Amino acid sequence: MPRQGSANAPSSASLHARAWAQIYELIDLQLSPLGLRAIESLPLRLGDGVLDVGCGAGQTLLQLAERVGTGGRVIGVDVAPLLLEIAKRRIGSLGQVGLIEADAQ
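The sequence shown begins at 1 in UniProt numbering and counts up by one.
For the record, the hints were derived by calculation from the structure and aren't laboratory data. What you were told as hints is all true, and nothing was included just to trick you.
Derived DEER-like restraints, expressed as beta-carbon distance ranges:
id : residue 1 : residue 2 : range
1  : H16       : T70       : 32 to 38 Å
2  : G49       : I23       : 28 to 34 Å
3  : L15       : T70       : 36 to 42 Å
4  : E101      : E66       : 19 to 25 Å
5  : G95       : R18       : 28 to 34 Å
This one's a predicted model, so the numbers in the text were calculated from it and none came from an experiment. Ideal Cβ placement from N, Cα and C applies to all residues, glycine included.
With these hints in hand, go ahead and build the complete structure from the sequences.
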């Protein structure tokens, strides 16, 4: 393992992201009902576009994609590449969903 402070040492943000990614899917399952209620309260129609800032592992992306249909567009933004990898696997071949790695600030 690289020494702290060496050029190859993982950053604290990277270590935090790895730890978060390991438990995020479990958290997603617990929070999914809340996210679904929030999504159901939105006046979304087929063909709409939605931006999910802080999409994490992408659970809500699937629900949003279902609401906007194949003619709509859902963009998920998150700062954590490991969470976006989980989201990418989750969305599979859904063509109306895109992912962007970026800080929302």
